[in-house]
Amino acid sequence: MLSINGFSKVMPNPDRSIHLLFGPPKPTDAPGANWIQVIEGRDFLVALRLYGAELAFYDQSWKPDDIVRLG
10 MLSINGFSKV
20 MPNPDRSIHL
30 LFGPPKPTDA
40 PGANWIQVIE
50 GRDFLVALRL
60 YGAELAFYDQ
70 SWKPDDIVRL
80 G
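Quick note on my numbering: the sequence shown kicks off at 10 and runs consecutively.
Since the hints were derived computationally from the structure, they do not count as laboratory data.
Warning: the hint list may mix true and false statements.
Straight-line distance between alpha carbons at most 20 Å, and here's what the computed EDC-like set of lysine to aspartate or glutamate pairs gives [what the hints assert, rightly or not]:
hint, residue 1, residue 2
1, K35, E49
2, K72, D24
3, K35, D52
4, K18, D38
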């Protein structure tokens, strides 16, 4: 999968947040729809595009979290 969008069946966390995972192998406990395969040893670019964002995005009371390396 090269992208995740509103039609993807991503699995939310119990608090309704969503974790997206990037890596060459899919983690065994990760839902397939939350994982994007990348090429090992190569850099990649993450772009977030929001449509119809709510006021919290514009007044910056909500911001997406930074990407965190897990392994």
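Exercise. Are there hints from earlier that the structure breaks, and if so, what are their numbers?
Worked result: Of the numbered hints, all hold.
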